[in-house]
Amino acid sequence: MKSRWQLNWRLLSMVMALALVLTGCGRENLSALVPKGPVAEQQLFLMVLTSAIMIGVFLIVMIIFAYVLIRYRQRPGQTGIPKQVEGNHKLEILWTVIPFLLLIVMAVPTVAIAFDLAKEYNNKEAVQVNVTAHQFWWEFEYPDLGVRTAQELVIPAGKKVQFHVTSADVIHAFWIPALGGKIDTNPGLTNKIWLEAKEPGTYYGKCAELCGASHALMDFKVQALEASAFDDWAKKMKAATEAPAATATGTAAQGREIFQKSCIGCHAIGSEGGKLGPNLTNFGERKLVAGIKPNDAQHLAEWLKNPQEVKPGNTMPNLNLQDDQVSALVEYLHSLKVTQ
Amino acid sequence: MSDHTSHAPNRSGLWDWLTTVDHKKIGILYLIAGGFFFILGGVEAMLIRLQLIYPEAKFVAAGTFNELITMHGTTMIFLAVMPVIFGLMNAIVPLQIGARDVAFPFVNALGFWLAALGGLLLNTSWFLGGAPDVGWTAYATLSSNHKFSTLGTDFYVLGLQIAGLGTLIGGINFLVTIINMRAPGMTFMRMPLFTWSSFVTSALILFAFPALTVGLVFLMFDRIFGANFFNPDAGGNIVIWEHIFWIFGHPEVYILILPAFGIISEVVSTFSKKRLFGYSSMVFATILIGFLGFMVWAHHMFTTGLGPIANTLFGIATMLIAVPTGIKIFNWLLTLWGGHIRFTTANLFAVGFIPTFTIGGMTGVMLAVPPADYQYHDSYFVVAHFHYVIVGGLVFGLFAGLYYWWPKMFGKLLNETLGKWHFWTFFIGFHLTFFPQHFLGLMGMPRRVFTYLPGQNLEMGNLISSIGVIGMALGSIIFAINMVVAAKSKKAAGNDPWDARTLEWAIPSPAPEYNFAQTPLVRGLDALWTEKMAGNKGMTPAEPLGSIHMPSPSFLPFLMSLGLFVAGYGFIYAGQWGTYIVAIAGIAFTLLCMLLRSLYDDHGYHIEPDEIEEKGVKA
Ligand SMILES: [Cu+2]
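From first to last, the protein sequence lines are chains A and B.
Using this note's numbering, the first residue of the first sequence is number 1, and each one after it goes up by one.
Using this note's numbering, the first residue of the second sequence is number 341, and each one after it goes up by one.
These aren't lab readings, by the way, just hints derived from the structure by calculation.
Incorrect hints may have been included.
Here are the computed lysine-lysine pairs in the DSBU-like style, where the Cα-Cα straight-line distance is at most 35 Å [as the list claims (entries may be wrong)]:
#, chain 1, residue 1, chain 2, residue 2
1, B, 398, A, 221
2, B, 877, A, 83
3, A, 275, B, 487
Can you build the whole structure from these sequences, using the hints too?
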């Protein structure tokens with residue numbers, strides 16, 4: 001099949017059109033074309049409005065284009081010189097004024113929506129979240145709730161969330177396509193953006209600005225919970241932050257020992273530990289390791305054995321752990337749960 | 341001035357090319373350099389698409405991929421299409437205005453050698469520890485801090501600095517040439533559209549490239565001398581780089597596309613046998629686009645966080661550019677309207693340009709809407725948009741120009757059958773590659789990613805996109821074959837193979853070194869066509885046959901550029917070597933060459949009438 005495709009370009013372009021129809025609008029909860037919140041909805045409205053106008057213009061151009069090329073192609077034996085036309089003021093004014101009018105149709109909602117999206121909500125109107133981007137992971141802090149987490153952003157559904165975004169190293173961009181457009185995270189500066197998820201669910205977030213070797217792998221997840229579930233989560237996270245579980249049993253206890261020795265300098269559990277790496281307080285409940293791989297024993301072990309293999313250039317070093325150390329750490333890390 | 345008795349210097353082979361100051365030869369040098377870098381950039385593009393052909397492919401490593409995208413963008417923009425544009429400008433503009441050379445032939449050569457050696461310097465980074473990997477936009481702090489980027493970025497800074505100097509010099513030269521060197525009767529409002537667009541492009545270069553120079557100096561200071569322009573920990577500000585870069589970068593887009601507009605205007609008019617519809621509105625639109633091009637740079641920065649006032653102002657200013665651009669599209673259509681359209685390869689590319697560029701313009705207007713751009717920005721939608729503009733617009737235009745002017749430059753026509761294969765493979769391959777990318781972006785694929793995870797519905801679009809590359813590669817290979825076939829062909833093209841309208845077609849192909857034996861008198865728009873309609877065989881001369889003054893060739897432009905080339909390495913390795921001695925020596929050598937140039941008076945030489953007639957008989 002493939003070799004025939006390569007031979008027959010025309011067929012392929014038809015296949016392409018079909019394929020795009022079949023794949024439709026992309027994966028739900030990732031695609032900007034399937035909005036899941038008011039910000040993305042307004043943006044989709046503008047996208048549809050402008051593309052409709054533009055497609056209209058394009059069709060007009062194409063009709064004239066096709067007509068001209070068919071009607072006025074030189075015929076065999078045709079001689080003489082066509083009439084030399086200098087211009088036509090009426091026509092020229094027409095195609096200057098009409099685009100102007102179309103631009104006004106686009107500009108008015110553009111301005112209205114741009115200002116709406118730039119609003120800033122205080123902590124009574126919206127949950128406040130400080131986002132700090134790192135090469136190549138995301139840190140989320142809830143200043144009013146006393147909670148700090150990483151890689152998985154948890155928000156209440158049906159409520160506005162006000163983000164304050166910055167970066168610890170280079171420029172990244174914070175993007176959750178299904179919820180709304182992106183904003184750069186600038187080192188040394190703080191940007192603001194609000195978003196809202198209408199429904200509970202899991203949404204996909206990405207880094208959109210080239211930030212180094214593993215830019216492509218700087219994904220994160222957004223869990224939108226029912227308001228009550230969110231409050232519950234926040235309460236338990238706060239409790240776990242203030243008093244992280246100090247005991248563990250069996251192999252997990254071994255894992256805890258290793259962790260206290262080799263990892264705590266970079267990773268905090270609760271409020272204890274360094275900030276160079278993601279906070280792991282609720283790591284056992286995360287769906288992904290490092291934002292990209294399923295959080296099961298196998299993938300976590302792969303990560304611990306050689307983080308550089310999974311995410312080239314990230315700042316977690318290869319600690320040359322033995323297999324038994326790794327399995328102990330896996331056991332321990334997976335026991336880090338706050339809501340159960 | 342008969343006291344100068346020196347004769348035409350006899351030079352040949354490599355030495356001739358290294359020392360030439362003839363605009364036609366410099367034009368060919370630009371084309372060779374542009375072609376070479378086009379191949380490099382093309383290979384990089386193929387590797388990029390190979391890596392993205394399916395999810396989690398492992399053809400190239402993450403770091404290498406970033407080098408590839410950085411070098412692909414930088415190479416294509418600065419080292420491939422810019423030189424080809426300068427090549428055509430050099431080859432054609434002096435002929436179109438009835439001049440014997442550019443205003444500053446020596447400086448013209450200097451501009452070329454700086455651009456070529458700057459590009460070479462940048463590309464040697466592949467063998468010297470790795471190419472730059474911070475994107476062609478080189479945003480700080482990724483680019484400004486050695487913690488985040490390798491020595492490759494120093495090659496970017498120095499290479500572009502040297503190449504950019506060459507471009508700036510070239511732009512100034514063409515401004516002066518077009519203002520001062522026009523033949524009698526060639527008023528501004530009789531200038532062919534390609535000359536007009538070269539004029540506006542040169543003006544944009546004059547104002548835009550200094551911004552790049554300043555930005556690169558800042559970056560160089562941060563990287564090499566430990567300054568803190570972009571270091572937030574020391575009070576620096578990273579957004580400054582974005583502003584400076586785009587104050588250069590946005591006009592750069594118009595620097596690239598305007599000459600293509602000019603080419604399309606000439607080609608469409610010639611091959612429909614009609615004068616350009618709405619000539620004065622075309623000129624006006626060109627100038628307006630150039631002007632507005634400076635007012636819209638922040639539309640590349642809607643997500644930087646400039647606030648809604650700046651965003652909407654820059655957004656609306658950007659939308660306004662659609663108006664003059666629309667004027668151009670409709671004028672081309674109305675030029676074709678009622679004509680006798682001949683579908684030569686040149687015209688196929690020009691006609692294929694119209695729908696393709698219209699799509700690029702449309703997505704441009706969509707991108708100008710800031711809230712929607714928050715979704716498009718830095719996604720594959722943007723990648724699709726600018727390839728529609730730069731490849732579907734500019735590169736199609738350049739191919740049209742090359743097929744059109746090839747006979748004037750080399751005296752031989754490119755093969756039409758091969759040309760048609762070139763057009764169709766390239767055209768279809770182009771749309772296959774880039775059309776699906778619009779959707780990939782909207783479906784959540786950021787740009788500059790070395791891979792993507794499976795299960796995100798991105799597989800199909802990426803596969804089609806990668807397959808499309810085969811078409812573009814095939815088209816380019818056919819073009820290369822076509823050049824060889826044309827070079828081997830025995831058939832001379834003659835002065836005016838297309839029954840064209842402008843002055844360059846009034847003289848032999850290729851043009852003699854002095855271009856016009858007698859400066860022509862221009863009596864209307866489309867100078868040659870005016871004479872044809874008046875029943876004349878050629879142009880009416882504006883002067884009697886006389887001795888022609890020519891500039892002497894010189895090796896100094898090459899040496900001056902070489903000095904800076906060496907100094908570039910001196911700066912890049914200053915940290916490792918612990919000394920600036922090489923950098924200083926290189927700059928000193930360049931200054932010495934400049935001193936030589938100033939102290940040594942070279943009055944050029946003369947070509948006498950009998951020599952001209954002798955040659956005329958031979959031709
Ligand atoms: Cu990032």
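Status of the hints after comparison with the structure:
1. Restraint check: the Cα-Cα separation between residue 398(B) and residue 221(A) comes to about 25 Å, which is no more than 35 Å; the hinted pair holds.
2. A distance of roughly 21 Å separates the Cα atoms of residue 877(B) and residue 83(A); the hinted pair therefore holds under the 35 Å criterion.
3. Pair hint residue 275(A) plus residue 487(B) holds up; C-alpha atoms about 19 Å apart against a cutoff of 35 Å.
The structure fails none of the hints (numbered hints given earlier).
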